[in-house]
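Participant: Sequences and hints are given; from them, build the entire structure.
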Amino acid sequence: MFTGLVADKGEVISISKGAESAVIDIQTNLRNELRVGDSISVNGVCLTAVEIGNNSFKADVMVQTLNVTSLGSLEVGDNVNLELATRADSRLGGHIVQGHVDGVAEVKENSSGEKWNRFVVEVPKSLTKYIVNQGSICIDGVSLTVGEIYENIVTLWLIPETLAKTNLFRKTMGDKVNVEVDVIAKYVERLLQRGENNGN
Numbered sequence: 627m628f629t630g631l632v633a634d635k636g637e638v639i640s641i642s643k644g645a646e647s648a649v650i651d652i653q654t655n656l657r658n659e660l661r662v663g664d665s666i667s668v669n670g671v672c673l674t675a676v677e678i679g680n681n682s683f684k685a686d687v688m689v690q691t692l693n694v695t696s697l698g699s700l701e702v703g704d705n706v707n708l709e710l711a712t713r714a715d716s717r718l719g720g721h722i723v724q725g726h727v728d729g730v731a732e733v734k735e736n737s738s739g740e741k742w743n744r745f746v747v748e749v750p751k752s753l754t755k756y757i758v759n760q761g762s763i764c765i766d767g768v769s770l771t772v773g774e775i776y777e778n779i780v781t782l783w784l785i786p787e788t789l790a791k792t793n794l795f796r797k798t799m800g801d802k803v804n805v806e807v808d809v810i811a812k813y814v815e816r817l818l819q820r821g822e823n824n825g826n
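The opening position of the sequence shown corresponds to residue 627 in the working numbering, with each subsequent residue numbered one higher.
Relax, there's no trap hidden among the hints.
Derived DSSO-like pairs (lysine-lysine); straight-line CA-CA distance at most 27 Å: (1) Lys797 / Lys755; (2) Lys812 / Lys755; (3) Lys684 / Lys802; (4) Lys635 / Lys741; (5) Lys734 / Lys797; (6) Lys734 / Lys802; (7) Lys734 / Lys812; (8) Lys734 / Lys635; (9) Lys791 / Lys635; (10) Lys734 / Lys751; (11) Lys791 / Lys734; (12) Lys643 / Lys684; (13) Lys802 / Lys635; (14) Lys802 / Lys751; (15) Lys797 / Lys635; (16) Lys802 / Lys791; (17) Lys635 / Lys684; (18) Lys797 / Lys751; (19) Lys755 / Lys802; (20) Lys755 / Lys734; (21) Lys802 / Lys812.
Cβ pair distances, simulated, as ranges: (22) Met627 / Ser752: 15 to 25 Å; (23) Asp704 / Trp742: 15 to 25 Å; (24) Met627 / Arg816: 12 to 22 Å.
Hints are computed from structural coordinates only; laboratory data are not their basis. All C-beta atoms, glycine included, are put in the ideal place defined by N, C-alpha and C.
Facilitator: Next comes the structure, spelled out in structure tokens:
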């Protein structure tokens with residue numbers, strides 16, 4: 627489990643693609659906190675560290691993950707948002723994030739304001755039922771609060787802290803970002819469906 631509070635901006639230093647998987651090598655300041663087998667969120671995708679280098683780690687990425695997330699478009703030199711798995715004795719500063727991407731959104735706007743950036747994304751229509759104004763959403767591994775949702779257009783406000791510590795400030799119109807909606811909303815939907823089925 628993660629919280630959506632990015633711990634480091636890593637840099638992709640190599641990508642080796644095979645027929646059914648890829649190996650991504652990422653440089654990071656978190657290297658000393660990682661062990662082989664540890665889970666780590668990479669742009670919101672839960673991956674497993676399979677090898678630890680002097681200042682980097684490698685993770686296997688299956689073809690399915692490459693196809694359904696934005697990791698498939700990563701290139702050497704790209705920055706990625708990294709977060710280690712949450713400890714049971716840690717504060718939950720963001721919100722509950724599983725690292726299971728629900729869909730890929732397209733950036734429509736990332737414009738600077740006096741104290742924040744206006745960040746607008748178009749999400750898959752199937753996800754809009756889980757998104758509410760002032761609710762939580764995870765974009766590329768970053769826990770954010772929904773400013774406004776109109777149809778399937780979501781407006782978010784990025785504060786200077788978020789711009790400094792994540793790769794979202796680099797996103798431009800047309801870029802793809804990973805989206806994970808609030809898991810609590812999905813559980814509520816499931817419970818309501820069960821209740822309706824039991825009542826029939």
